[in-house]
Amino acid sequence: MPLVFVILSALLIASAVGVILFRNPIHSALCLVVNLVGVACVFAALEAHFLAVVQVIVYAGAIMVLVVFVLMLLNSKTEERTLSGVIQLVLSGIIGGCLVSVVGPFIIEQWPIVAREEPPISGSVEALGKVLYTDYIFPFETAGFLVMAALVAAAMLAKTKGGDPNHPRISEGKNDGTIQAGGEQ
Amino acid sequence: MMTDLPLIAPLLVVAGGSLLVLLIDVFLRGRWPNVSASIGVLLLALVSAVVVAPEYLSHGTAFSGALFVDPYTSFISALVISGSILCLLMGKEYLEGEGISEAKGEYISLYLMATAGALVFVAAADLITLFLGLELMSMALYALCGAALYRSASAEAAMKYFFLGSFSSAFLLLGIAFLYGATGTLSLLELASALPESPTGLVGIGIALFLVGILFKMGAAPLHFWAPDVYQGSPTSVTLYMASVIKVAAVAVGLRVFSLTFGGAEYYELWSRGIWIAAVLTIVIGNLVAIRQRSVKRMLAYSSVAHAGYMLMGFLAPGEFGGGPAVLFYLVAYAVMTLGAFGVVMAVSARYQDSPDSDDIVRFNLLSRKRPFLAALMSLFLLSLAGLPPGMAGLLGKFYVFNAAIRAEYVGLALIGVLGSAISCYYYLRVIVAMYFVPSPSQAGGATSSYEDDCGEAIVAMPLAGTLAVCGVLTVLLGLQPSALFEAVETLFPPNLY
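In order, the protein sequence lines correspond to chains A and B. All residue numbers for the first sequence refer to this note's numbering, where the first residue is 1 and numbers rise by one. All residue numbers for the second sequence refer to this note's numbering, where the first residue is 1001 and numbers rise by one.
Just chain A, with the same shape it has in the complex:
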């Protein structure tokens, strides 16, 4: 396993932990940027240059700008350490630990993981485009349609008035809209 992967993996894990543990949301967001750029570096090291560039542009660029923008707008303060927050932290630590203890042995069992003998594939834009528009044309078009569906869904939810107290349905009945808890397990 090349040294570069070890370093990148360590960086990825450290920054992912940082996202959760930092109490200032801006610090968390910056950690997330490091994480996303780290993933882009892994892609680049695997010679998937196109994916690396897209990862930087879409995630580290567009999405992170949005996240930081929202954080600034909301003027969010440093998160207080509350009891429920600590409980949440401990619980998620236990669940994550369980997951690692289940998955870990399988991976250790197969150590050292060797790459299959395969003809070298090129991650260049040209090669990717060729595959995308020939062999994977159907999934590609479906993905495009999926984005369309997401847009329409967002438009519909934005147009529908939510929880309007002046709506006849709400003001007439005594309905506060909560689901009857009769069948909660």
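To be clear, the hints were calculated from the coordinates, so they are not data collected in a lab. Backbone N, C-alpha and C define an ideal beta-carbon position, used for all residues, glycine too. Some clues are possibly wrong.
[Stated by the list, open to error] Partial pick of chain A residues on the chain B-facing surface, computed with a CB cut under 8 Å:
#, residue
1, Gly93
2, Ile94
3, Gly97
4, Phe106
5, Glu109
6, Asp135
7, Pro139
8, Thr142
9, Phe145
10, Leu146
11, Ala149
12, Ala155
13, Lys159
14, Thr160
15, Lys161
[Said to hold, decoys possible] If the Cβ cut is set under 7 Å, some of the chain A residues that face chain B in the computed set are:
#, residue
16, Phe138
17, Ala143
18, Gly144
19, Val152
20, Ala153
21, Met156
Please arrange chain B on chain A, whose structure you already have, making use of the hints.
The following block gives chain B in isolation, referenced to the frame of chain A:
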């Protein structure tokens, strides 16, 4: 590549129709019959599905292995489209009225997109297409659940379904990644031969995560917890769709993947234990919790969870045990009965939609007196769901599935199934008792006249009445002539492939 286009004509019609409906709605804001137009689109899709059906008699793939071209796909696609037509007809009145007033065009368009997603999902021959189809279907559904956003229950349903659905999609995607990592192929056909001789850890995790994703969409325990809240909170026109069409798609895909791709003996050993546990949990939890429900809609949601458990029993009896055809027969019967039952609930709760407990069991009192036909149909559907005569469709469906399970030597599981359906009689019959045997106020003495106003009424528009009648006739026919359907679905499982 171009030559494959006619094969996906139904999909093209539905997808194109969804965009067209949206576009026309921009110019004629609500001043045109977009629901009827969508029903027309779906009918056209059904016709084209029937027209291209002969092409599907070969067992091949289209679009470089992205889609299956076989009778199984053709049958399930036709089922999905017909289910969508029935659901849309049932909800027609509701949709054209005040139900979803602000964004009708978008609602209808998303409905067609969800159907297109289901069509991709059931035809997918590689894991990427399968995932994209599932996401397209789910993405549209998340928003449809929130279509009645003025009720916070609807908003809650949409949020719950969105978050939990995203989690389950992530699990499914991780499973796909593990499978790809272990075998180097995404094709469901090639995967079967590319799997290592004996299951390795990576493949095991991949299959387990994949199973999690499928069980979630089926609404099977222990991943059923979203179903009751989402089914109850969503507009009933969406609940109908989720309980029938979406469940049909998820079960059909699960059945294909587990009996075709992971069907080898070594792998059967691996996943059959997981499905066994899931089936037992689903049957027990679904039936037991349904007993406690007051809301009939929620009760039917739990019942639909329980029915997923019976279908899972058939998964355990692949190949010569005859589990595959049994599951498909059950699926068709279940879809028809559930559609009918939810349709009646829709008619009753539409009458009381201004009150918070519009689908409470009390609303069904006196229904037999005020709406005798509706009450009779509801009884037929409920008896059929319970598997009691004269509801023979449900009884035969259960018989086929239990029979297959016993032949595959799952006698204990079959016993649990029988016990579960015995329990289910209680809550199904409770509604029938409410409809027929609860005394009228004059007999009960002290009850006030508001009691008379508060129950037993329903709003039944023409399309809803027609669809309910179709469901009723189909339920009876499936009970009287089961062999016609059963022999048809048996041919979908050629012995050398499954």
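Hints, one by one, checked against the model:
For Gly93 of chain A, the interface hint is violated, the least distance from its beta-carbon to any beta-carbon of chain B being 18 Å, above 8 Å. Violation of the interface hint for Ile94 of chain A is found here, the shortest Cβ-Cβ separation to chain B being roughly 18 Å, above the 8 Å cut-off. A distance limit of 8 Å between C-beta atoms decides the matter here; for Gly97 of chain A the minimum to chain B is near 17 Å, and the interface restraint is violated. A distance limit of 8 Å between C-beta atoms decides the matter here; for Phe106 of chain A the minimum to chain B is near 3 Å, and the interface restraint holds.
Annotation: interface hint on Glu109 of chain A holds; nearest CB of chain B at approximately 6 Å, less than 8 Å. For the restraint placing Asp135 of chain A at the interface with chain B, the shortest Cβ-Cβ distance is roughly 5 Å, inside the 8 Å limit, so the hint holds. The criterion of a C-beta within 8 Å of any C-beta in chain B is met by Pro139 of chain A, whose closest approach is roughly 5 Å, and the hint holds. The beta carbon of Thr142 of chain A is positioned within 8 Å of a beta carbon in chain B (closest approach about 4 Å), and the interface hint is therefore held.
The beta carbon of Phe145 of chain A is positioned within 8 Å of a beta carbon in chain B (closest approach about 6 Å), and the interface hint is therefore held. Given the 8 Å rule on beta carbons, the hint for Leu146 of chain A holds: about 5 Å separates it from the nearest Cβ of chain B. Restraint check, Ala149 of chain A versus chain B: the minimum CB separation of about 5 Å is within 8 Å; hint holds. Evaluation of the Ala155 of chain A hint against chain B yields a held restraint, the C-beta minimum of about 6 Å falling below 8 Å.
Nearest Cβ of chain B to the Cβ of Lys159 of chain A: about 4 Å, under the 8 Å cut. The hint holds. Nearest Cβ of chain B to the Cβ of Thr160 of chain A: about 4 Å, under the 8 Å cut. The hint holds. Using the Cβ-Cβ criterion of 8 Å, the hint placing Lys161 of chain A at the interface with chain B is satisfied: the shortest such distance is roughly 6 Å. About 4 Å separates the beta-carbon of Phe138 of chain A from the nearest beta-carbon of chain B, less than 7 Å, and the hint is met.
Interface hint status for Ala143 of chain A: upheld, as the beta-carbon distance to the closest one in chain B is roughly 6 Å, under 7 Å. A hinted interface residue such as Gly144 of chain A counts as satisfied when its beta carbon comes closer than 7 Å to some beta carbon of chain B; here the least separation is about 10 Å, so the hint is violated. A cut of 7 Å between beta carbons decides the hint on Val152 of chain A: the least distance to chain B is about 6 Å, and the hint holds. A least Cβ separation of about 3 Å between Ala153 of chain A and chain B falls short of the 7 Å threshold, and the interface hint therefore holds.
Taking 7 Å as the C-beta contact cut-off toward chain B, the hint placing Met156 of chain A at the interface holds, the least distance being around 4 Å.
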